[in-house]
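Engineer: Each chain is listed here by its residues.
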Amino acid sequence: MRILGWLLVVAIIPLAKAQEAAPLDPFMTAPTFPAQQRAIADAKIVERGATLFAIQCKGCHGADLRGGDMGGPNLLRSQLVMGDKAGEAIVPVIQNGRSGTTGSGVMPALPLSDVDAHAVAEYIHSVAATRQRQGGTPPVKVELNLLVGDAKRGAGHFNRWCAECHSPTGDLASVATRYGNNAETLQNAWVAGRKPGVPEPGVENPRRQVQATIHFENGSEIRGVLRRMDDFTISLLTDGGQYRSFVRRSARPAITSVDIEDPLARHRSLWSEVSDAAMHDVTAYLATLK
Amino acid sequence: MNSFSRKSLTLFLLALSGASAAGFAQADGLPPGKLLAPLSDSWPGYGGDYTGRRYSALKQVDRSNVKQLTLAWTLRLNERVRDGKPRGFQLTPAAELVTQVGGEGAGGFPIPPAAVKGSILQVDGVMYVTAPDHAWAYDARDGRELWHFYWKTRGGTHIANRGAALWNDSVLFETPDNYLVSLDRSTGKEKWHVQIAPLEQEYFSTTAPVIVGNRVLVGTGNDTDEPGFLQAFDAETGKLLWKRYMVPMEKGDPALKTWPTLDAARHGGGQVWMPGVYDPETDLYFVGTGNPTPGYTGVARLGDNLYTCSVVAVRVATGEIVWHYQTSPHDTHDWDSAQTPVLVDGTIDGKPRKLIVTAARNGYFFTLDRNTGERIVSAKFGRTVNWTKGLRKNGAPDPDSSKEATVPGSLVSPWEGGVTNWPSPAFNPDTGYFYIHETNGFNLLYLTDPDPRGSMGLGGKRFYIVGFDGNAFKAIDYRTGKAAWRREWSGGGGSGSGVLTTAGGLVFTGDGSGNLVALDAANGDLLWHTRIGQISNAPQTWRLDDRQYVVVAVESTIYAFALY
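So the protein sequences, as listed, match chains A and B.
Residue numbering for the first sequence follows numbering that gives the first Met the number 0, starting at 0 and increasing by one per position.
Residue numbering for the second sequence follows numbering that gives the first Met the number 0, starting at 0 and increasing by one per position.
No wet-lab data here; the hints were simulated from the structure.
Ideal Cβ placement from N, Cα and C applies to all residues, glycine included.
Hints are not guaranteed to be accurate.
Straight line, CA to CA, 16 Å or less: simulated EDC-like cross-link-like pairs of lysine to aspartate or glutamate [stated by the list, open to error]:
| no. | chain 1 | residue 1 | chain 2 | residue 2 |
| --- | --- | --- | --- | --- |
| 1 | B | K402 | A | E272 |
| 2 | B | K58 | B | D545 |
| 3 | A | K140 | B | D450 |
| 4 | A | K57 | A | D68 |
| 5 | B | K402 | A | D275 |
| 6 | A | K84 | B | E199 |
Sample of chain B residues lacking proximity to chain A, with all beta carbon distances greater than 10 Å (derived) [as the list claims (entries may be wrong)]:
| no. | residue |
| --- | --- |
| 7 | A36 |
| 8 | R79 |
| 9 | V97 |
| 10 | G106 |
| 11 | D141 |
| 12 | H157 |
| 13 | L198 |
| 14 | G349 |
| 15 | T387 |
| 16 | G389 |
| 17 | S412 |
| 18 | R452 |
| 19 | D476 |
Here are some chain B residues the structure puts well away from chain A; computed CB gaps all over 10 Å [stated by the list, open to error]:
| no. | residue |
| --- | --- |
| 20 | P31 |
| 21 | G372 |
| 22 | G394 |
Work out the full structure: start from the sequences and follow the hints.
Structural biologist: Here it is, written out as structure tokens:
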């Protein structure tokens, strides 16, 4: 469940971080739920709990608490764990066992003292506190290979779709290096037609400038870089650097038509044409431009 | 003038004479039956009336004179408890401001600036407005603040509040930390509050309650793999009457065959985070349900995952599920089907039919029989939607698993926010058209946690918003699902605003470029606009003193327009 509104803000955060470490509003980082608000126990207790967990619990519940091969449930979303404040719910289950809803359906009683069982509970809470926002798991580090495409096929696609505007020896020379050989940001950038983090439209980047020509009923026209357009007003920067704006329906002389030349139009139409496999091929090809 | 207006006039005079907040409201409040009447003088519930049509019978403002619509008043939400003093531009003198404080938190929890992302209620000339942890009453004639209620929160996701519900002399609303709070309509003083979901299990509440008779129908939200449910509380006492889960919680549940295990079902989501609609003839309440969880990694919940992403018909007396229709089987993109559906009394193949229509975040529009759940129409309404293999026999879109999050990236449309989202559509019985924004976005969706156990919540993925290709506003014919007209916004669209339609032949909405616009309901012609900022709720309308007002919010500012 995600609701429109903060979405753009949230989506831009990782980019903002990459550009400059912009401070977030306190409400964006506030400890939203009790799992994040809870004090973490003394490091020695957590450490002891971790050791005991590895011995007694890991087989069923997994080293990362997200459920194990022997069928124990994910403890990080367990209602019992989430409701526990100081071991009062977790400790009796450790010591007495319970019938459950997964795997064999039975958790055996474990021979742990009160102190040790509480240490395990504190360890579980310490892991839960690292869960990411919107119900995510604690951070997961997996090496993933995004470069699954065929660079040779990708070169062919590039010649067909991209070569009219782009060149591997011109504007895209060493593009992979410029993107830090990061296949994900490289792919994001070429598909979208913009460097991640740069908002549209790109007045500052001549290659991405949208050109507008406004035609008037007296035969004159004004041409420039589009600044803003909706159904009611249009504004542009003329070639002489002058800012001009017009009310589209009541300008005098009257506007007869507006021509828009958007260098990104081909990118947008490509989104509905390109298959994921062909997209991966192009990415693999661009990744060779070091 | 009827007696209702005279009462309103009395209130107006009292307010003018500087009567204290405690003394202003001597009117009857909202008898529960009022929500059954066509919309005109008041806006008594989330969708106005129970139908969700957001259609007003008013026609003082019409196609011919809407060009003369002008500002009547404006107000800025006052959050003084947050930092101890009034902030910014204020029209109500500080000495008159009254704040009541409630809540079980310690105070000082950082919350976002207040914004209106839900309905503004208006009865007897008084408006009731909410934001997370806040409720206000305002004089609907000039925007003067009458009282303010502030809730000291324990936490929870403070993303939005969809508005209050009125019941006789009570104002009820939900808080992000999962309390249903009942306030005295005249003073803003708390009558009672009850917990509606445990914060520890990471529920949070944003929706507006809907009251049927003396039952308060309450939904909640959750992103942490906990089960969704709808509850009914007694409007007088706050006592729980029933609780209906939207995923199977016990063995033997017939919906369990759409889940691999009971554990997966019990963590399967299906939150009820938007208000539903009500048909008094059948005593059925219709709600849309949210996505299954984990949201993006469906590997450990293979199956259709009922009753997530569905329209569900619930008997108000008992909480029993009478029928369901799943608009997005086995969702893996966080495309909730929680949108408020709309009741239409229409004609299909020459026969009068009781219908319910909904446009889902996944880009598909549906017309169903609201007595049986029978599907009559399903049609794609997003131009660039690319995640299905077509329609199943029952008319539901069949997901293409290759468009789930993948390690090398999946280029998927719609974007994460969907073709539509929570902002309300509208239906006009005069034209027979259903009005809705069409957002055609693309995301690059990467799987970052390929663990066969699946991730949790909305984790395990990363997405990049690639861009938007031709966002539009359109009128859909409920009989065919086809667009009667479609207007592509030249400013890019992508509006977060809802829709209002009137007997004056008008449709009001935001254009995504900061304009409030009025369109001709018949053909989509743009008739009027004013650039006041991005509209953050659905425009609403009502009549006071024989004058029709159009009221809309831009985040923390509310504007009222009228003809003079």
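Engineer: Hint by hint, note whether the structure agrees.
Structural biologist: Hint check:
no. : hint               : verdict
1   : K402/B with E272/A : holds (14 Å)
2   : K58/B with D545/B  : holds (11 Å)
3   : K140/A with D450/B : holds (11 Å)
4   : K57/A with D68/A   : holds (9 Å)
5   : K402/B with D275/A : holds (9 Å)
6   : K84/A with E199/B  : holds (9 Å)
7   : A36                : holds (31 Å)
8   : R79                : holds (18 Å)
9   : V97                : holds (26 Å)
10  : G106               : holds (13 Å)
11  : D141               : holds (29 Å)
12  : H157               : violated (6 Å)
13  : L198               : violated (6 Å)
14  : G349               : holds (38 Å)
15  : T387               : holds (14 Å)
16  : G389               : holds (17 Å)
17  : S412               : violated (7 Å)
18  : R452               : violated (5 Å)
19  : D476               : holds (24 Å)
20  : P31                : holds (29 Å)
21  : G372               : holds (23 Å)
22  : G394               : holds (24 Å)
The structure does not agree with the numbered hints 12, 13, 17 and 18 stated previously, though it agrees with the rest.
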